[in-house]
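What follows is each chain in one-letter form.
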Amino acid sequence: MYQYDDFDDAQVRARAAEFRDQVQRRLNGELSEEEFRPLRLQNGLYLQLHAYMLRVAIPYGTLNSKQLHQLAYIADKFDKGYGHFTTRQNIQYNWPRLIDTPDILDALADVEMHAVQTSGNCIRNVTTDHFAGAAQDEIIDARPHAELIRQWSTFHPEFAWLPRKFKIAISGSRLDRAALKWHDIALQAKISDSGEIGFEVFVGGGMGRTPVIAQSIRDFIPEHLTLGYLEAILRVYNIQGRRDNKYKARIKILVTEMGVDAFRAAVETEWQNAKGQESRDQSIDAPVAELARLKGFFEPPLLDVQPDSNDQITARTEKDFLFKSWLDNNVAAHKQDGYRIVTISLKPHSGINGGVNCDVNGGINGGIAGDATSEQMRLIADLAKKYSQDELRVSHEQNLILPHVPLAALIDIYDLLAKEGLATPNAGLLTDMIVCPGLDYCSLANARSIPLSQKITMHFDDMVRLQNIGELKVKISGCINSCGHHHAGHIGILGVDKKGVENYQLLLGGSGAEDASRAQILGPSMDEGAVIGALEKILSLYLSERTDQERFLDTVRRIGVQPFKETVYAD
Amino acid sequence: MLISLSGKEAGQFDDYTPDNQTQDQAILVSLHDFGHARRHTSHTSAALIGLSVDGDTPFDEISNVLSSVAASVAMIQINFPTFMDGRGFSLAALIRRSGFTGELRASGPLMPDQGWHLVRCGFDTLLLEKPERAAAFEASVARFAFAYQKTYRDTAPIPVRRHSAAEHSETAS
Chain A
839 MYQYDDFDDA QVRARAAEFR DQVQRRLNGE LSEEEFRPLR LQNGLYLQLH
889 AYMLRVAIPY GTLNSKQLHQ LAYIADKFDK GYGHFTTRQN IQYNWPRLID
939 TPDILDALAD VEMHAVQTSG NCIRNVTTDH FAGAAQDEII DARPHAELIR
989 QWSTFHPEFA WLPRKFKIAI SGSRLDRAAL KWHDIALQAK ISDSGEIGFE
1039 VFVGGGMGRT PVIAQSIRDF IPEHLTLGYL EAILRVYNIQ GRRDNKYKAR
1089 IKILVTEMGV DAFRAAVETE WQNAKGQESR DQSIDAPVAE LARLKGFFEP
1139 PLLDVQPDSN DQITARTEKD FLFKSWLDNN VAAHKQDGYR IVTISLKPHS
1189 GINGGVNCDV NGGINGGIAG DATSEQMRLI ADLAKKYSQD ELRVSHEQNL
1239 ILPHVPLAAL IDIYDLLAKE GLATPNAGLL TDMIVCPGLD YCSLANARSI
1289 PLSQKITMHF DDMVRLQNIG ELKVKISGCI NSCGHHHAGH IGILGVDKKG
1339 VENYQLLLGG SGAEDASRAQ ILGPSMDEGA VIGALEKILS LYLSERTDQE
1389 RFLDTVRRIG VQPFKETVYA D
Chain C
25 MLISLSGKEA GQFDDYTPDN QTQDQAILVS LHDFGHARRH TSHTSAALIG
75 LSVDGDTPFD EISNVLSSVA ASVAMIQINF PTFMDGRGFS LAALIRRSGF
125 TGELRASGPL MPDQGWHLVR CGFDTLLLEK PERAAAFEAS VARFAFAYQK
175 TYRDTAPIPV RRHSAAEHSE TAS
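For the record, the sequence lines run as chains A and C.
Residues 839 to 1409 (our numbering) are what the first sequence spells out, left to right.
Residues 25 to 197 (our numbering) are what the second sequence spells out, left to right.
Hints listed in this document are in silico derivations from the structure and should not be mistaken for laboratory results.
Bear in mind the structure is a predicted one, so any value in this text is a computation, not a measurement.
For glycine and all other residues, C-beta sits at the position ideal for the given N, C-alpha and C.
A portion of the hints provided could be inaccurate.
Stated by the list, open to error - Calculated lysine to any residue pairs in the SDA-like style (CA-CA distance at most 20 Å, straight line):
1. Lys-1133/A - Glu-1034/A
2. Lys-1133/A - Phe-124/C
3. Lys-1113/A - Val-184/C
4. Lys-1133/A - Val-184/C
5. Lys-1375/A - Ile-1318/A
6. Lys-1084/A - Pro-105/C
7. Lys-1113/A - Phe-83/C
8. Lys-1086/A - Asp-109/C
9. Lys-1113/A - Pro-105/C
10. Lys-1084/A - Asp-109/C
11. Lys-1113/A - Arg-177/C
12. Lys-154/C - Arg-864/A
13. Lys-1113/A - Ala-180/C
14. Lys-1084/A - Asp-80/C
15. Lys-154/C - Arg-1396/A
16. Lys-154/C - Lys-1133/A
17. Lys-1257/A - Gly-1308/A
Said to hold, decoys possible - Label pairs and their calculated CB-CB ranges:
18. Arg-177/C - Gln-862/A: 24 to 30 Å
19. Pro-105/C - Thr-1094/A: 23 to 29 Å
20. Leu-151/C - Ala-1351/A: 49 to 55 Å
21. Gly-31/C - Asp-948/A: 33 to 39 Å
22. Asp-39/C - Gln-862/A: 34 to 40 Å
23. Gln-36/C - Tyr-1085/A: 41 to 47 Å
24. Leu-151/C - Ser-1054/A: 42 to 48 Å
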């Protein structure tokens, strides 16, 4: 993975010093809260319901063990002993004190990490496929490009005061595991007919209050010209994006209002003008040698030859149902024989591993989706170092990934994970939910999402049943800001406020994959108690209607939402 | 109060007053009044002109003026309506890209922490609303030794520095 040079180190250190100065000026009254707010946001520091929340960047979701150990240390020293992994591959701490945040940024800089631009009206963390570098369907590993874009966007002086936040995703695989089409800009890697590496460029996707799926504005941009083209998009957006209404300020609104053809033309014009006026020394693109240098950090690891079958595993699967489930659901094929990609589910069931679960909330069963204690982080870091080339990933589905695991290590890993409540075999199944923090933490929420997710998990704590249902992506948002991605859920659940009572609206048929689609509202909202009953009816219909190997999403698309609406609301 | 961010000194311009047709110092005139000023001052072609524009002005309107008056626009002042409205930064970048080498001045309720944003987008000077913040602006300008992006100030961006032989000894300290 990428390693900082002195330039990178100096950047994060200077930034940490800048922030320390800003906090000082806030604490001594020189800066009002109104003035301090945009500054702290550009370092990922939110003020939430109960406390500050710090969002630490994990660039394109890639971490090594030293970094994860440091995140565990920060959780223990400055927080309540846990962290929360997010839908943009970052980590959040819910309880830092303002006065400690400069020390936290220094501690992050010590391991080549930061909280730069994880909030604010600027370019946010560039996210990618959490299986990058390991996936069988990989075209290229897009992370060198993600790193190039990260550096270009970091402290970009022109784009720090955009109309609104800006999210870029990039993928180098055929299957879309990065929810590309839900981003402001998405780059999908492809190889041209002449063998050149480049990207198709999509613009204007987003969730929030107005879900929109990104549209293609350029079929192919060569990899060495990508930065200049991105800059043209950002400049058009910065100049023409709406600033009159916070809820109409994303680029998706600009693209919709201009029309995609006019938008594309504006970007082309700006891009051509920039190229026409660049001097030899000030190209709008990075030197070719720089991309080559970055690719050097992402060479495929040298994995020694390993057999692709294992008798102990076979024997164990015959007598250990949960282990077999874990193999089936949480262990994915790797591009190299003898290796696997392991998904560590941070969506525990209560009692599923002999009563051990990550009870971060002091006794509430079912855990909190996406949370990990410092102890769990340390275990995972050690597993990554010992078994996975000292590398792990954060997925936007709020799980952790060990990307390069030899088959022969799976049993040891499973047993070690199980001791810490990390071996829940539910990856991709109903209880592997994306859940926003909701009203328990967030000042924007209308409803709590965590308790509902826990109730759903406890109700469906039955691996036989879950596997029979099969792939089912449930996504819960506590308000229409959609941080839980409910628009992209096979089943989406949206928390609303109905005359002061928390209510939930169900949606069906969304997708964040290459077949991106918006979920459709099922019907009127219901209170929390009614949600499980509604889910039961929905699943019952699915199981009776599905043909062949249809996933839930496929059945919904085939028969439509209406039959589901009828069964849920028939009374 | 005017301060310099880039080292270039701020020029002195008097606000253009339409009644006074014999202004012979440098005049500061809004884009809106420019046509009038051009027609009615006897010195427009000789005097130094400072052009005052709002941050949301389309660049094309400014470039029309620049190309029509050739060398006499000595200063362009971009007025930021709020510190959150970042259009002025793109406008500055476009003005510099078009070849303007005169003084680029920022005005408006900007935050000191935007000092380095201003300088890298090509601004030279700043019309301060709160003079007590001058030192904080200057501190911001000096905050980062190097930049990842190309900037107007001729500083090679970090990706270029990494691959230029002469720079290998000059890593940031």
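Right, here's what the structure says about each hint:
1. For the suggested pair Lys-1133/A and Glu-1034/A, the alpha carbons sit about 15 Å apart, so the restraint of at most 20 Å is met.
2. Among the hinted pairs, Lys-1133/A with Phe-124/C is inconsistent with the structure: their alpha-carbon atoms are about 38 Å apart, more than 20 Å.
3. With a C-alpha separation of about 17 Å, the suggested pair Lys-1113/A and Val-184/C falls inside the 20 Å cut-off, and the hint holds.
4. For the proposed pair Lys-1133/A and Val-184/C, the alpha carbon gap of about 16 Å is at most 20 Å, so the pair holds.
5. A C-alpha spacing of about 25 Å is found between Lys-1375/A and Ile-1318/A, which places the hinted pair above 20 Å, so the restraint is violated.
6. Taken as a hint, the Lys-1084/A and Pro-105/C pair is honoured in the structure, with Cα atoms around 16 Å apart against an allowance of 20 Å.
7. For a cut-off of 20 Å, the pair hint linking Lys-1113/A to Phe-83/C stands: about 17 Å separates their Cα positions.
8. At most 20 Å may separate the alpha-carbon atoms for a hinted pair to count; Lys-1086/A and Asp-109/C meet this at roughly 15 Å.
9. In summary, the hint linking Lys-1113/A to Pro-105/C is not supported, as the alpha carbons are separated by about 30 Å, beyond the 20 Å threshold.
10. For the suggested pair Lys-1084/A and Asp-109/C, the alpha carbons sit about 12 Å apart, so the restraint of at most 20 Å is met.
11. With a C-alpha separation of about 19 Å, the suggested pairing of Lys-1113/A with Arg-177/C holds against the 20 Å cut-off.
12. Between Lys-154/C and Arg-864/A, the direct Cα distance comes to roughly 17 Å. Compliance with the 20 Å bound is thereby established for this hinted pair.
13. Taking the CA atoms of Lys-1113/A and Ala-180/C, the gap is near 17 Å; set against the 20 Å cutoff, the hint holds.
14. Among the hinted pairs, Lys-1084/A with Asp-80/C is consistent with the structure: their alpha-carbon atoms are about 17 Å apart, no more than 20 Å.
15. With a C-alpha separation of about 64 Å, the suggested pairing of Lys-154/C with Arg-1396/A is violated against the 20 Å cut-off.
16. A threshold of 20 Å between alpha carbons decides the hint, and for Lys-154/C with Lys-1133/A the separation of about 47 Å lies outside it, so the pair is violated.
17. Between the alpha carbons of Lys-1257/A and Gly-1308/A the distance comes to roughly 26 Å, so the proposed pair goes past 20 Å and is violated.
18. Here the CB-CB span from Arg-177/C to Gln-862/A is close to 28 Å, well matched to the stated 24 to 30 Å.
19. For Pro-105/C and Thr-1094/A, the hinted distance range of 23 to 29 Å is satisfied, since their beta carbons lie about 25 Å from each other.
20. Restraint check, Leu-151/C to Ala-1351/A: a C-beta distance of roughly 52 Å satisfies the suggested window 49 to 55 Å.
21. For the pair Gly-31/C and Asp-948/A, the beta carbons lie near 35 Å from each other, so the given range of 33 to 39 Å is met.
22. Distance hint check: the CB atoms of Asp-39/C and Gln-862/A are about 38 Å apart, consistent with the given range 34 to 40 Å.
23. Under the hint 41 to 47 Å, the C-beta atoms of Gln-36/C and Tyr-1085/A, about 44 Å apart, fit the expected range.
24. Evaluation of the 42 to 48 Å hint for Leu-151/C and Ser-1054/A yields a pass: the beta carbon distance comes to about 44 Å.
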